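Chemist: Mapping the sequence shown onto my numbering, position 505 (from 1) lands on 510, and the numbers just tick up by one.
By construction, these hints were calculated from the structure, which means they are not laboratory data.
Just to be clear, a hint being listed does not mean it is correct.
[What the hints assert, rightly or not] Using 25 Å as the maximum straight-line C-alpha spacing, the simulated DMTMM-like pairs for lysine to aspartate or glutamate come out as follows:
#1 K385 x E498
#2 K78 x D292
#3 K324 x D277
[Said to hold, decoys possible] For each label pair, taking beta carbons as the anchor points, the in silico distance ranges come out as:
#4 N401 x D249: 26 to 32 Å
#5 N424 x K195: 44 to 50 Å
#6 R171 x W443: 54 to 60 Å
#7 A494 x S403: 32 to 38 Å
#8 D342 x N401: 30 to 36 Å
Note that the structure is a prediction, hence the values are computed from the model and not measured.
Glycine is no exception: its CB is placed at the ideal position from the N, C-alpha and C atoms.
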Amino acid sequence: MTIRTVRLGLAVGHGTGRELVAVFERVIQTLAKQYSVNFEFVRSSSIYHSYHTLTVSGEDKNLITHIADETTKDAIDYQQFCENAAGSGIAAIFRTAIHAQSLYLVRQHLQAAKVEHFSLGEGNALLMVRDEAQGFYAGDNTYSADQLSITRTTSFSKPVFDRIIRFALDRAAENWGPENVPKKVTMAYKFHLFDGVFQAWEPQWKAQFGIDFNFIQPDTLNRSLMANGVQGRCIIIAGNEYADVIQPVFLNWFGQSTPETMYAENVYLRPDVNGLSEYQTVHGSADAIADKSLVNPFATIRAAAAILERHAGGKGIQKLTEQAIQSLLQRKLTTPDQGGSLKTEETVDHFLQAIANPTQSIASTSTTASGDLQAFLGLKSALVVIDFQNDFISGNPSPAMAGVVNNVPRAVDFARANNRPVIFVRFLGNTTYQSPSWKHRDAILQKPEKCVEGTWGAEFGPGVKVQPGERVFDKKALLDPFLVPEFTAYLEEQGFEHLVLAGLFSDVCIDSTARTAFQKGLRVTVVEDCTTALHSKQADHLQFMTKLYGARVSKLTELVGMAA
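Could you put together the complete structure from these sequences and hints?
Modeler: In C-alpha coordinates, the structure reads:
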(Lines of atoms letter the chains of each structure in order from A; the text may use other names.)
(Lines give C-alpha, C1' and ligand atoms only; values in the text may rest on other atoms or scores of the structure.)
Protein backbone atom coordinates (compact mmCIF):
# COMPACT_ATOMS: atom_id res chain seq x y z
CA MET A 6 0.00 0.00 0.00
CA THR A 7 1.38 3.40 -0.99
CA ILE A 8 1.51 6.00 1.77
CA ARG A 9 0.98 9.53 0.54
CA THR A 10 2.80 12.33 2.35
CA VAL A 11 1.08 15.67 2.85
CA ARG A 12 2.97 18.68 4.26
CA LEU A 13 1.30 20.89 6.86
CA GLY A 14 2.44 24.07 8.54
CA LEU A 15 2.23 24.44 12.32
CA ALA A 16 2.30 27.76 14.18
CA VAL A 17 2.09 27.86 17.96
CA GLY A 18 1.17 30.64 20.34
CA HIS A 19 1.65 30.96 24.07
CA GLY A 20 -1.07 29.96 26.53
CA THR A 21 -2.50 26.54 25.69
CA GLY A 22 -0.82 26.48 22.28
CA ARG A 23 1.72 23.76 23.02
CA GLU A 24 -0.93 21.47 24.49
CA LEU A 25 -3.25 21.91 21.52
CA VAL A 26 -0.64 21.45 18.83
CA ALA A 27 0.31 18.15 20.50
CA VAL A 28 -3.37 17.15 20.37
CA PHE A 29 -3.53 18.17 16.72
CA GLU A 30 -0.49 16.16 15.67
CA ARG A 31 -1.63 13.06 17.52
CA VAL A 32 -5.21 13.19 16.25
CA ILE A 33 -4.52 13.97 12.60
CA GLN A 34 -1.79 11.34 12.27
CA THR A 35 -4.02 8.72 13.87
CA LEU A 36 -7.01 9.58 11.69
CA ALA A 37 -4.86 9.72 8.56
CA LYS A 38 -3.75 6.09 8.81
CA GLN A 39 -7.06 4.74 7.48
CA TYR A 40 -6.60 6.92 4.37
CA SER A 41 -2.97 5.87 3.80
CA VAL A 42 -1.80 9.41 4.46
CA ASN A 43 1.16 10.59 6.52
CA PHE A 44 1.56 14.22 7.49
CA GLU A 45 4.92 15.95 7.50
CA PHE A 46 4.87 18.98 9.78
CA VAL A 47 6.76 22.18 9.06
CA ARG A 48 6.91 24.28 12.20
CA SER A 49 7.37 27.97 12.60
CA SER A 50 10.52 28.54 14.61
CA SER A 51 8.77 31.09 16.84
CA ILE A 52 6.35 30.80 19.72
CA TYR A 53 4.03 33.75 19.23
CA HIS A 54 2.73 36.05 21.92
CA SER A 55 -0.71 35.89 23.43
CA TYR A 56 -2.10 39.16 24.74
CA HIS A 57 -1.35 37.96 28.27
CA THR A 58 2.33 37.26 27.59
CA LEU A 59 2.69 40.61 25.83
CA THR A 60 1.40 42.57 28.80
CA VAL A 61 3.31 40.51 31.38
CA SER A 62 6.60 40.73 29.48
CA GLY A 63 6.31 44.51 29.25
CA GLU A 64 5.66 45.31 32.89
CA ASP A 65 9.04 47.02 33.38
CA LYS A 66 8.92 48.89 30.05
CA ASN A 67 6.84 51.49 28.27
CA LEU A 68 3.92 49.16 27.70
CA ILE A 69 2.60 50.89 24.57
CA THR A 70 5.99 50.90 22.83
CA HIS A 71 6.74 47.34 23.97
CA ILE A 72 3.47 45.93 22.66
CA ALA A 73 3.78 47.83 19.37
CA ASP A 74 7.33 46.51 18.84
CA GLU A 75 6.57 42.91 19.79
CA THR A 76 3.38 42.95 17.74
CA THR A 77 5.32 44.02 14.65
CA LYS A 78 8.01 41.36 15.22
CA ASP A 79 5.45 38.57 15.52
CA ALA A 80 3.55 39.83 12.48
CA ILE A 81 6.65 39.97 10.30
CA ASP A 82 7.74 36.51 11.43
CA TYR A 83 4.35 34.86 10.93
CA GLN A 84 3.75 36.56 7.58
CA GLN A 85 7.11 35.27 6.36
CA PHE A 86 6.19 31.79 7.54
CA CYS A 87 2.91 31.93 5.59
CA GLU A 88 4.60 33.24 2.46
CA ASN A 89 7.22 30.48 2.64
CA ALA A 90 4.49 27.89 3.21
CA ALA A 91 2.57 29.04 0.13
CA GLY A 92 5.74 28.96 -1.96
CA SER A 93 6.84 25.50 -0.86
CA GLY A 94 3.65 23.52 -1.50
CA ILE A 95 2.35 23.26 2.05
CA ALA A 96 -1.29 22.19 1.89
CA ALA A 97 -2.54 24.18 4.89
CA ILE A 98 -1.50 25.63 8.24
CA PHE A 99 -2.83 24.80 11.68
CA ARG A 100 -2.34 27.68 14.10
CA THR A 101 -3.21 28.05 17.75
CA ALA A 102 -4.30 31.43 19.14
CA ILE A 103 -1.84 34.32 18.96
CA HIS A 104 -2.06 38.02 19.79
CA ALA A 105 -4.86 39.48 17.67
CA GLN A 106 -3.03 42.66 16.67
CA SER A 107 -0.15 40.70 15.11
CA LEU A 108 -2.59 38.35 13.44
CA TYR A 109 -4.61 41.14 11.89
CA LEU A 110 -1.53 42.81 10.47
CA VAL A 111 -0.82 39.53 8.66
CA ARG A 112 -4.44 39.24 7.53
CA GLN A 113 -4.31 42.80 6.20
CA HIS A 114 -1.09 42.23 4.27
CA LEU A 115 -2.06 38.81 2.89
CA GLN A 116 -5.71 39.82 2.32
CA ALA A 117 -7.49 37.20 4.42
CA ALA A 118 -11.08 36.04 4.45
CA LYS A 119 -12.56 33.76 7.10
CA VAL A 120 -15.13 31.28 5.83
CA GLU A 121 -17.79 29.44 7.79
CA HIS A 122 -20.47 27.17 6.35
CA PHE A 123 -23.71 26.25 8.09
CA SER A 124 -26.00 23.54 6.69
CA LEU A 125 -29.49 24.18 8.02
CA GLY A 126 -31.57 21.44 6.44
CA GLU A 127 -34.39 21.56 3.89
CA GLY A 128 -31.99 22.99 1.28
CA ASN A 129 -31.16 25.96 3.51
CA ALA A 130 -27.52 26.87 4.04
CA LEU A 131 -25.40 29.88 4.93
CA LEU A 132 -21.91 30.67 3.67
CA MET A 133 -20.46 33.42 5.86
CA VAL A 134 -17.32 35.11 4.51
CA ARG A 135 -15.65 37.52 6.91
CA ASP A 136 -13.60 40.32 5.37
CA GLU A 137 -10.45 40.23 7.51
CA ALA A 138 -8.34 42.19 5.04
CA GLN A 139 -9.90 45.63 5.52
CA GLY A 140 -11.54 47.99 7.95
CA PHE A 141 -10.97 48.76 11.59
CA TYR A 142 -9.39 45.40 12.44
CA ALA A 143 -6.83 45.83 9.67
CA GLY A 144 -5.81 49.40 10.47
CA ASP A 145 -2.58 51.08 11.50
CA ASN A 146 -1.99 53.02 14.73
CA THR A 147 -0.30 56.36 15.31
CA TYR A 148 0.04 58.15 18.64
CA SER A 149 0.32 61.71 19.80
CA ALA A 150 3.70 62.69 21.23
CA ASP A 151 2.38 62.41 24.80
CA GLN A 152 0.70 59.04 24.01
CA LEU A 153 -2.61 60.39 25.27
CA SER A 154 -4.42 59.85 22.01
CA ILE A 155 -4.37 57.18 19.32
CA THR A 156 -5.44 57.40 15.69
CA ARG A 157 -6.28 54.22 13.81
CA THR A 158 -6.29 54.53 10.02
CA THR A 159 -8.27 52.02 7.99
CA SER A 160 -9.02 51.57 4.32
CA PHE A 161 -11.22 49.63 1.89
CA SER A 162 -10.18 48.75 -1.65
CA LYS A 163 -12.22 47.62 -4.64
CA PRO A 164 -9.53 45.16 -5.81
CA VAL A 165 -9.65 43.50 -2.40
CA PHE A 166 -13.44 43.36 -2.52
CA ASP A 167 -13.13 41.81 -5.99
CA ARG A 168 -10.99 39.00 -4.61
CA ILE A 169 -13.29 38.39 -1.65
CA ILE A 170 -16.40 38.24 -3.85
CA ARG A 171 -14.66 35.87 -6.29
CA PHE A 172 -13.57 33.67 -3.41
CA ALA A 173 -17.08 33.60 -1.90
CA LEU A 174 -18.64 32.53 -5.21
CA ASP A 175 -15.97 29.88 -5.82
CA ARG A 176 -16.41 28.42 -2.35
CA ALA A 177 -20.20 28.41 -2.77
CA ALA A 178 -19.79 26.49 -6.03
CA GLU A 179 -17.50 24.02 -4.28
CA ASN A 180 -19.90 23.51 -1.37
CA TRP A 181 -23.22 23.49 -3.23
CA GLY A 182 -22.37 22.86 -6.86
CA PRO A 183 -22.09 25.55 -9.57
CA GLU A 184 -25.79 25.25 -10.42
CA ASN A 185 -26.76 26.13 -6.83
CA VAL A 186 -24.71 29.31 -6.38
CA PRO A 187 -27.13 32.10 -5.36
CA LYS A 188 -27.79 34.86 -7.86
CA LYS A 189 -27.46 37.48 -5.14
CA VAL A 190 -24.79 38.14 -2.52
CA THR A 191 -25.54 40.02 0.70
CA MET A 192 -22.83 42.44 1.86
CA ALA A 193 -23.14 43.51 5.50
CA TYR A 194 -21.12 46.68 6.12
CA LYS A 195 -21.77 50.14 7.53
CA PHE A 196 -21.84 51.23 3.92
CA HIS A 197 -23.73 54.43 4.74
CA LEU A 198 -20.35 55.77 5.90
CA PHE A 199 -18.71 55.10 2.51
CA ASP A 200 -20.00 58.07 0.47
CA GLY A 201 -21.91 55.76 -1.84
CA VAL A 202 -18.90 53.80 -3.15
CA PHE A 203 -20.77 50.48 -2.97
CA GLN A 204 -23.49 51.85 -5.22
CA ALA A 205 -20.84 53.30 -7.54
CA TRP A 206 -19.01 49.95 -7.76
CA GLU A 207 -22.18 47.86 -8.02
CA PRO A 208 -22.58 48.07 -11.84
CA GLN A 209 -19.00 46.90 -12.30
CA TRP A 210 -19.50 43.99 -9.89
CA LYS A 211 -22.72 42.96 -11.62
CA ALA A 212 -20.95 42.93 -14.96
CA GLN A 213 -17.89 41.17 -13.58
CA PHE A 214 -19.61 38.43 -11.56
CA GLY A 215 -23.03 38.16 -13.21
CA ILE A 216 -24.96 38.42 -9.94
CA ASP A 217 -26.93 40.97 -7.94
CA PHE A 218 -25.93 42.50 -4.62
CA ASN A 219 -27.86 43.31 -1.47
CA PHE A 220 -26.10 45.97 0.61
CA ILE A 221 -27.42 45.84 4.15
CA GLN A 222 -26.64 47.41 7.50
CA PRO A 223 -25.62 44.83 10.14
CA ASP A 224 -28.49 45.66 12.50
CA THR A 225 -30.99 45.26 9.66
CA LEU A 226 -29.46 41.89 8.78
CA ASN A 227 -29.83 40.76 12.40
CA ARG A 228 -33.51 41.71 12.47
CA SER A 229 -34.10 39.85 9.21
CA LEU A 230 -32.37 36.70 10.43
CA MET A 231 -34.26 36.77 13.73
CA ALA A 232 -37.59 37.13 11.94
CA ASN A 233 -37.07 34.90 8.92
CA GLY A 234 -33.98 32.76 9.46
CA VAL A 235 -31.99 31.63 6.45
CA GLN A 236 -34.14 30.79 3.44
CA GLY A 237 -32.50 28.85 0.66
CA ARG A 238 -28.76 29.07 0.08
CA CYS A 239 -27.30 32.41 1.16
CA ILE A 240 -23.90 34.06 0.85
CA ILE A 241 -23.09 36.82 3.33
CA ILE A 242 -19.87 38.83 3.00
CA ALA A 243 -19.43 40.89 6.13
CA GLY A 244 -17.09 43.49 7.51
CA ASN A 245 -15.16 42.09 10.42
CA GLU A 246 -16.39 44.82 12.74
CA TYR A 247 -19.78 43.11 12.56
CA ALA A 248 -18.79 39.54 11.77
CA ASP A 249 -16.46 39.12 14.73
CA VAL A 250 -19.17 40.16 17.17
CA ILE A 251 -21.95 38.12 15.57
CA GLN A 252 -19.90 34.93 15.16
CA PRO A 253 -20.75 33.41 18.58
CA VAL A 254 -24.41 34.16 17.90
CA PHE A 255 -24.26 32.44 14.50
CA LEU A 256 -22.49 29.46 16.03
CA ASN A 257 -25.36 29.19 18.52
CA TRP A 258 -28.17 29.83 16.05
CA PHE A 259 -26.91 27.87 13.09
CA GLY A 260 -24.25 25.50 14.36
CA GLN A 261 -25.54 24.45 17.79
CA SER A 262 -22.07 25.14 19.14
CA THR A 263 -19.87 27.58 21.02
CA PRO A 264 -16.50 29.20 20.24
CA GLU A 265 -14.82 26.88 22.76
CA THR A 266 -15.58 23.81 20.64
CA MET A 267 -15.24 25.02 17.03
CA TYR A 268 -12.55 25.77 14.48
CA ALA A 269 -12.45 28.33 11.67
CA GLU A 270 -10.74 28.49 8.30
CA ASN A 271 -8.93 31.60 7.05
CA VAL A 272 -7.93 31.80 3.40
CA TYR A 273 -5.27 34.22 2.16
CA LEU A 274 -6.23 35.87 -1.13
CA ARG A 275 -3.23 37.99 -2.11
CA PRO A 276 -2.18 36.65 -5.52
CA ASP A 277 1.23 35.31 -4.46
CA VAL A 278 -0.29 33.24 -1.62
CA ASN A 279 -3.76 32.80 -3.12
CA GLY A 280 -5.54 29.74 -1.73
CA LEU A 281 -3.37 29.11 1.34
CA SER A 282 -5.74 27.97 4.09
CA GLU A 283 -5.04 28.44 7.76
CA TYR A 284 -7.10 26.59 10.38
CA GLN A 285 -7.47 27.83 13.93
CA THR A 286 -9.44 27.18 17.05
CA VAL A 287 -12.15 29.81 17.48
CA HIS A 288 -11.36 30.09 21.17
CA GLY A 289 -8.44 32.16 22.39
CA SER A 290 -5.15 31.27 24.05
CA ALA A 291 -6.77 30.52 27.45
CA ASP A 292 -3.61 31.43 29.36
CA ALA A 293 -5.37 30.99 32.71
CA ILE A 294 -5.56 27.20 32.20
CA ALA A 295 -2.27 26.74 30.34
CA ASP A 296 -0.29 23.61 31.30
CA LYS A 297 -3.16 22.30 33.46
CA SER A 298 -4.55 19.84 30.88
CA LEU A 299 -7.97 21.47 31.16
CA VAL A 300 -8.30 22.95 27.67
CA ASN A 301 -11.18 21.55 25.62
CA PRO A 302 -9.69 19.64 22.65
CA PHE A 303 -12.82 19.43 20.47
CA ALA A 304 -12.07 22.56 18.40
CA THR A 305 -8.60 21.21 17.62
CA ILE A 306 -9.97 17.75 16.84
CA ARG A 307 -12.52 19.25 14.44
CA ALA A 308 -9.80 21.29 12.74
CA ALA A 309 -7.71 18.14 12.26
CA ALA A 310 -10.66 16.33 10.67
CA ALA A 311 -11.41 19.28 8.39
CA ILE A 312 -7.83 19.47 7.14
CA LEU A 313 -7.70 15.72 6.57
CA GLU A 314 -10.95 15.74 4.57
CA ARG A 315 -10.39 18.94 2.63
CA HIS A 316 -6.66 18.74 1.91
CA ALA A 317 -5.73 15.06 2.11
CA GLY A 318 -8.64 13.07 0.70
CA GLY A 319 -10.10 11.91 4.01
CA LYS A 320 -13.65 11.64 2.71
CA GLY A 321 -16.27 11.30 5.43
CA ILE A 322 -13.93 11.86 8.37
CA GLN A 323 -15.70 15.02 9.53
CA LYS A 324 -19.02 13.19 9.87
CA LEU A 325 -17.34 10.37 11.78
CA THR A 326 -15.63 12.92 14.00
CA GLU A 327 -18.94 14.60 14.84
CA GLN A 328 -20.52 11.26 15.70
CA ALA A 329 -17.61 10.38 17.99
CA ILE A 330 -17.73 13.76 19.73
CA GLN A 331 -21.48 13.46 20.27
CA SER A 332 -21.00 10.03 21.81
CA LEU A 333 -18.48 11.52 24.27
CA LEU A 334 -20.85 14.36 25.14
CA GLN A 335 -23.65 11.86 25.77
CA ARG A 336 -21.43 10.01 28.25
CA LYS A 337 -19.84 13.19 29.68
CA LEU A 338 -16.39 11.96 28.66
CA THR A 339 -15.23 15.55 28.31
CA THR A 340 -13.26 18.28 30.00
CA PRO A 341 -14.91 20.14 32.92
CA ASP A 342 -16.17 23.04 30.78
CA GLN A 343 -18.63 20.62 29.12
CA GLY A 344 -19.77 18.85 32.22
CA GLY A 345 -17.11 16.14 32.36
CA SER A 346 -14.19 15.56 34.66
CA LEU A 347 -11.46 14.43 32.26
CA LYS A 348 -8.11 15.94 31.44
CA THR A 349 -7.38 17.06 27.89
CA GLU A 350 -5.33 13.95 27.07
CA GLU A 351 -7.97 11.62 28.54
CA THR A 352 -10.67 13.23 26.40
CA VAL A 353 -8.50 12.70 23.32
CA ASP A 354 -7.96 9.05 24.33
CA HIS A 355 -11.71 8.47 24.47
CA PHE A 356 -12.24 10.28 21.17
CA LEU A 357 -9.73 8.10 19.35
CA GLN A 358 -11.29 4.98 20.87
CA ALA A 359 -14.76 6.14 19.81
CA ILE A 360 -13.77 6.89 16.23
CA ALA A 361 -11.82 3.64 15.90
CA ASN A 362 -14.85 1.61 17.04
CA PRO A 363 -17.96 3.63 16.08
CA THR A 364 -20.41 0.75 16.56
CA GLN A 365 -19.00 -0.06 19.97
CA SER A 366 -19.08 3.64 20.85
CA ILE A 367 -22.78 3.92 20.00
CA ALA A 368 -23.57 0.77 21.95
CA SER A 369 -21.62 2.18 24.88
CA THR A 370 -23.63 5.38 24.65
CA SER A 371 -26.81 3.33 24.89
CA THR A 372 -25.70 1.15 27.78
CA THR A 373 -24.33 4.03 29.81
CA ALA A 374 -27.25 6.36 29.11
CA SER A 375 -29.20 7.71 32.02
CA GLY A 376 -32.43 6.00 32.92
CA ASP A 377 -34.62 8.54 31.16
CA LEU A 378 -32.73 8.09 27.89
CA GLN A 379 -32.77 4.30 28.21
CA ALA A 380 -36.55 4.43 28.38
CA PHE A 381 -36.73 6.07 24.93
CA LEU A 382 -34.21 4.04 22.94
CA GLY A 383 -35.69 1.61 20.44
CA LEU A 384 -39.22 3.00 20.59
CA LYS A 385 -41.13 3.71 17.38
CA SER A 386 -40.83 7.47 17.15
CA ALA A 387 -42.10 10.40 15.09
CA LEU A 388 -41.14 14.06 14.96
CA VAL A 389 -44.22 16.24 15.51
CA VAL A 390 -43.81 19.84 14.33
CA ILE A 391 -46.45 21.94 16.07
CA ASP A 392 -47.66 25.42 15.05
CA PHE A 393 -44.41 26.42 13.35
CA GLN A 394 -46.28 29.14 11.46
CA ASN A 395 -45.55 32.63 10.19
CA ASP A 396 -47.96 34.56 12.42
CA PHE A 397 -46.45 33.08 15.56
CA ILE A 398 -42.88 33.55 14.33
CA SER A 399 -43.20 37.12 13.04
CA GLY A 400 -45.27 38.21 16.02
CA ASN A 401 -42.66 37.21 18.58
CA PRO A 402 -39.20 38.27 17.34
CA SER A 403 -36.39 37.40 19.74
CA PRO A 404 -33.02 35.65 19.76
CA ALA A 405 -34.79 32.54 21.06
CA MET A 406 -37.24 32.62 18.16
CA ALA A 407 -34.35 33.05 15.74
CA GLY A 408 -32.89 29.85 17.13
CA VAL A 409 -36.21 28.03 16.66
CA VAL A 410 -36.51 29.30 13.08
CA ASN A 411 -33.08 27.94 12.27
CA ASN A 412 -33.31 24.69 14.21
CA VAL A 413 -36.74 23.35 13.28
CA PRO A 414 -35.80 22.87 9.60
CA ARG A 415 -32.65 21.06 10.73
CA ALA A 416 -34.72 18.77 12.95
CA VAL A 417 -37.05 18.00 10.05
CA ASP A 418 -34.12 17.36 7.72
CA PHE A 419 -32.46 15.12 10.30
CA ALA A 420 -35.64 13.09 10.86
CA ARG A 421 -36.13 12.53 7.14
CA ALA A 422 -32.48 11.60 6.63
CA ASN A 423 -32.87 8.95 9.33
CA ASN A 424 -36.19 7.62 7.99
CA ARG A 425 -38.16 8.98 10.95
CA PRO A 426 -41.74 10.06 10.16
CA VAL A 427 -42.49 13.79 10.34
CA ILE A 428 -46.00 14.88 11.34
CA PHE A 429 -47.12 18.49 10.98
CA VAL A 430 -49.74 20.16 13.16
CA ARG A 431 -51.18 23.50 12.02
CA PHE A 432 -53.24 25.99 14.03
CA LEU A 433 -56.12 27.78 12.30
CA GLY A 434 -57.53 30.65 14.34
CA ASN A 435 -60.42 31.81 12.16
CA THR A 436 -63.27 33.37 14.13
CA THR A 437 -65.60 30.87 12.48
CA TYR A 438 -63.68 28.04 14.15
CA GLN A 439 -63.59 29.61 17.61
CA SER A 440 -65.75 28.37 20.47
CA PRO A 441 -67.78 30.89 22.53
CA SER A 442 -65.18 30.74 25.30
CA TRP A 443 -62.37 31.39 22.82
CA LYS A 444 -64.23 34.37 21.35
CA HIS A 445 -64.90 35.72 24.84
CA ARG A 446 -61.24 35.50 25.79
CA ASP A 447 -60.11 37.23 22.60
CA ALA A 448 -62.64 39.99 23.09
CA ILE A 449 -61.56 40.62 26.69
CA LEU A 450 -57.85 40.59 25.82
CA GLN A 451 -58.35 42.25 22.42
CA LYS A 452 -56.56 39.44 20.66
CA PRO A 453 -56.71 39.49 16.85
CA GLU A 454 -57.20 36.39 14.75
CA LYS A 455 -53.99 34.42 14.21
CA CYS A 456 -53.12 31.99 11.45
CA VAL A 457 -56.25 32.57 9.43
CA GLU A 458 -56.79 29.78 6.94
CA GLY A 459 -55.47 30.57 3.48
CA THR A 460 -53.25 33.47 4.60
CA TRP A 461 -49.46 33.80 4.78
CA GLY A 462 -49.71 33.82 8.57
CA ALA A 463 -51.13 30.29 8.61
CA GLU A 464 -48.39 28.90 6.38
CA PHE A 465 -45.48 26.96 7.85
CA GLY A 466 -42.44 29.02 8.73
CA PRO A 467 -39.26 29.53 6.70
CA GLY A 468 -37.31 26.48 5.69
CA VAL A 469 -40.09 23.94 6.21
CA LYS A 470 -42.02 22.35 3.34
CA VAL A 471 -44.29 19.35 3.68
CA GLN A 472 -43.13 16.49 1.46
CA PRO A 473 -45.43 14.05 -0.34
CA GLY A 474 -46.72 11.41 2.03
CA GLU A 475 -46.27 13.48 5.18
CA ARG A 476 -49.42 14.15 7.20
CA VAL A 477 -50.70 17.57 8.17
CA PHE A 478 -53.39 17.92 10.86
CA ASP A 479 -55.31 21.15 11.34
CA LYS A 480 -56.32 22.36 14.80
CA LYS A 481 -59.29 24.63 14.27
CA ALA A 482 -58.99 27.03 17.22
CA LEU A 483 -57.63 24.25 19.43
CA LEU A 484 -54.50 23.94 21.52
CA ASP A 485 -54.26 20.16 21.73
CA PRO A 486 -53.93 18.13 18.50
CA PHE A 487 -55.32 15.09 20.31
CA LEU A 488 -58.68 16.87 20.10
CA VAL A 489 -58.46 16.30 16.34
CA PRO A 490 -59.78 12.73 15.96
CA GLU A 491 -57.75 12.07 12.81
CA PHE A 492 -54.51 12.89 14.64
CA THR A 493 -55.19 10.44 17.45
CA ALA A 494 -56.31 7.76 15.01
CA TYR A 495 -53.19 8.17 12.90
CA LEU A 496 -50.84 7.78 15.88
CA GLU A 497 -52.68 4.62 16.93
CA GLU A 498 -52.71 3.16 13.41
CA GLN A 499 -48.97 3.72 13.04
CA GLY A 500 -48.20 2.32 16.48
CA PHE A 501 -46.06 5.24 17.61
CA GLU A 502 -44.69 4.93 21.13
CA HIS A 503 -42.60 8.09 21.36
CA LEU A 504 -43.26 11.63 20.11
CA VAL A 505 -40.44 14.14 19.59
CA LEU A 506 -41.99 17.62 19.85
CA ALA A 507 -40.77 20.79 18.15
CA GLY A 508 -42.47 24.07 17.32
CA LEU A 509 -44.48 26.73 19.13
CA PHE A 510 -44.97 27.38 21.96
CA SER A 511 -43.43 25.24 24.71
CA ASP A 512 -45.84 26.53 27.39
CA VAL A 513 -48.95 26.43 25.17
CA CYS A 514 -49.49 23.83 22.45
CA ILE A 515 -46.29 21.86 23.03
CA ASP A 516 -47.40 21.51 26.64
CA SER A 517 -50.94 20.52 25.67
CA THR A 518 -49.60 17.86 23.31
CA ALA A 519 -47.13 16.49 25.85
CA ARG A 520 -49.82 16.34 28.55
CA THR A 521 -52.28 14.28 26.53
CA ALA A 522 -49.54 12.11 25.03
CA PHE A 523 -48.43 11.23 28.56
CA GLN A 524 -51.98 10.37 29.58
CA LYS A 525 -52.35 8.16 26.52
CA GLY A 526 -49.23 6.19 27.39
CA LEU A 527 -46.82 7.76 24.93
CA ARG A 528 -43.32 8.86 25.85
CA VAL A 529 -42.35 12.42 24.95
CA THR A 530 -39.14 14.25 24.09
CA VAL A 531 -39.19 18.05 23.83
CA VAL A 532 -36.38 19.50 21.71
CA GLU A 533 -35.59 22.58 23.77
CA ASP A 534 -33.75 24.52 21.07
CA CYS A 535 -36.61 23.85 18.62
CA THR A 536 -39.19 25.63 20.78
CA THR A 537 -39.57 28.71 22.93
CA ALA A 538 -42.02 29.85 25.60
CA LEU A 539 -44.68 32.54 25.16
CA HIS A 540 -45.88 33.30 28.71
CA SER A 541 -43.34 31.79 31.10
CA LYS A 542 -39.65 31.13 31.52
CA GLN A 543 -38.81 28.30 29.18
CA ALA A 544 -36.38 26.53 31.52
CA ASP A 545 -38.96 26.46 34.31
CA HIS A 546 -41.70 25.16 32.07
CA LEU A 547 -39.52 22.45 30.55
CA GLN A 548 -38.66 21.32 34.04
CA PHE A 549 -42.38 21.30 34.84
CA MET A 550 -43.05 19.00 31.86
CA THR A 551 -40.26 16.70 32.94
CA LYS A 552 -41.67 16.40 36.46
CA LEU A 553 -45.33 16.12 35.53
CA TYR A 554 -45.31 14.24 32.21
CA GLY A 555 -41.99 12.43 32.42
CA ALA A 556 -40.92 14.30 29.29
CA ARG A 557 -37.31 14.09 28.26
CA VAL A 558 -35.80 17.47 27.36
CA SER A 559 -33.06 17.26 24.76
CA LYS A 560 -31.06 19.50 22.48
CA LEU A 561 -31.05 18.86 18.76
CA THR A 562 -27.40 17.80 18.84
CA GLU A 563 -28.23 15.13 21.43
CA LEU A 564 -30.85 13.64 19.13
CA VAL A 565 -28.31 13.57 16.35
CA GLY A 566 -25.91 11.79 18.68
CA MET A 567 -28.56 9.21 19.63
CA ALA A 568 -29.10 8.38 15.96
CA ALA A 569 -25.42 8.34 15.00
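Chemist: Next, verify each hint and record whether it holds.
Modeler: Structure-based check of each hint:
no.: 1; hint: K385 x E498; result: 12 Å, holds
no.: 2; hint: K78 x D292; result: 21 Å, holds
no.: 3; hint: K324 x D277; result: 33 Å, violated
no.: 4; hint: N401 x D249: 26 to 32 Å; result: 28 Å, holds
no.: 5; hint: N424 x K195: 44 to 50 Å; result: 47 Å, holds
no.: 6; hint: R171 x W443: 54 to 60 Å; result: 57 Å, holds
no.: 7; hint: A494 x S403: 32 to 38 Å; result: 36 Å, holds
no.: 8; hint: D342 x N401: 30 to 36 Å; result: 32 Å, holds
Consistency with the previously given hints fails for number 3 only.
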